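Hey, can you work out the whole structure from these sequences and the hints?
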Amino acid sequence: MTKPLIAVLDYGIGNLRSAQKALERVGAESFLTADAAEVEAADGVVLPGVGAFGRVMEAIRETGVDAIAADAVARQVPFLGICVGMQALYESSEESPGVEGLGVLPGRIIELSDEVKRPQMQWNQLHSTAPSPLLAGLPQDAWVYFVHSFAPEMTDDVVATCNYGGDVVAAAQRGSVMATQFHPEKSGPVGIAIIANFVALCDGAT
Amino acid sequence: MTNVARVIPCLDVEAGRVVKGVNFLDLVDAGDPVELAARYDEQGADELVFLDITASSDQRDTIVEVARHTAEEVFIPFTIGGGIRTVDDARRLLRVGADKTAVNTAAVRRPELISDLAREFGSQCVVASIDARRSADADAPASGFEVYTHGGRTRTGICAVTWANEVERLGAGEIMLTSMDRDGTRDGFDIELTQTISDAVGVPVIASGGVGTLDHLAEGVIDGHAEAVLAASIFHFGEHTIADAKNHMLSRGVTVRPPQ
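One line per chain: the protein sequences are A and B, in this order. To convert, count from 1 in the first sequence and add 362; that's my numbering. To convert, count from 1 in the second sequence and add 1043; that's my numbering.
Read the hints as simulated data drawn from the structure, not as lab findings. Please read these numbers as outputs of a predicted model, since none were measured by experiment. We put the beta carbon where it would ideally sit given N, CA and C, even for glycine. Check each hint, because a few of them may be wrong.
[As the list claims (entries may be wrong)] Computed footprint of chain B on chain A, listed as stretches where at least three residues anywhere in the stretch have a Cβ under 8 Å from a Cβ of chain B: (1) 370-383; (2) 518-531; (3) 547-559.
[Claimed, not checked] Covered stretches of chain A, going by a simulated chain B footprint (3 or more residues, C-beta under 8 Å): (4) 412-421; (5) 467-481; (6) 484-494; (7) 500-512.
[Stated by the list, open to error] So, partial list: chain A residues that the calculated Cβ filter (under 10 Å) puts toward chain B: (8) E386; (9) R387; (10) C445; (11) V446.
Okay, here's the thing in structure tokens:
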């Protein structure tokens, strides 16, 4: 049996190594790339991201990762956006007015409530709002690690929320596209279970 | 729930080895930062902080290797602090798997370091480490809390509250606040300092310096209004596990991620 091959899109920003190591921990073969041909050969694609929305989108466009991501989504390869990598999948963000997102998921990114400290930098509990294979088999109200000041608005694609000054979108899924506002690669055993779910979907897709 | 307090063990690392007497009976190698990190992860630590206290510059790269190996073994967030002077210093640590970098003396000397780091990597990667002492002489700031640098040896005359507001404005995503009066005393956090800073800023504050009992940890959150508590010796000497700490905090009504 060959290992599922997962491309982690590298556009020069952020800690990509943790995502790669977490994928390898659950038995995938994983590599960092911004090369269209390499991504085409992969069974699954991960788009990580940290920092400001505008800066991330600029780097995604400069490196051609925008077209690579759009192509992977069109081919319905399992796709996972993490943190600002999730936010990049939407249409726009209050953080960087005028900057277009990838528009793979309808909706925009909004700022967290000003009644709580920002960023939310802590572990918080997931509340499932719709079934998703990405979050299958997790303990009830599982704890995962968040670091963010913005999050997607509530849409039909949302599959989980957390409570931080109100309901905050934590995960979304639309067909083969999955996304988490939290960091599964930094969420201990629960996060590893989520990564394993994603890799299992990639394995099944080939 | 809204605020979930984090419990963060801190490891001092010199030339790639943990120092300051870590004392778990069953460790193969008590000086191995990665083995200790994995142990604290198992016990339910929410994050880890490694402070590089390596003095000689030719051994600075050892901390990059610590970050690299930790990221391979441990899947919780970790921060590296100590000796970070430039954006490139931070980049090397983040590229190999560190989640955040903490800056202290270099940022006091050159505050743009914080804005440069925030612009390059995002605020979530930038922890402003503030060492403060109470001071009351003629040169002391009006708040009575003064920023010190160089591991608490050098006075700056800067007010700790003003500086905390400034690092937030510059883009720090978090403040690690150490009372140098309490550090090493085991008398508990300087609650007044912690509360003053925590209430003055909009970013999370990690309370540090002085923890000697599990009650101190709870007090840092309840009375000090901190979002996270950092301690070293009470965990390193095997007196208490992270799970003990969290169970105690829960019993005091502090919300934490419960130990598994």
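Quick rundown of the hints versus the structure:
no.	hint	verdict
1	370-383	holds (count 6)
2	518-531	holds (count 3)
3	547-559	holds (count 7)
4	412-421	holds (count 4)
5	467-481	holds (count 4)
6	484-494	holds (count 4)
7	500-512	holds (count 5)
8	E386	9 Å, holds
9	R387	7 Å, holds
10	C445	9 Å, holds
11	V446	8 Å, holds
Hint check: no violations occur; every hint is consistent with the structure.
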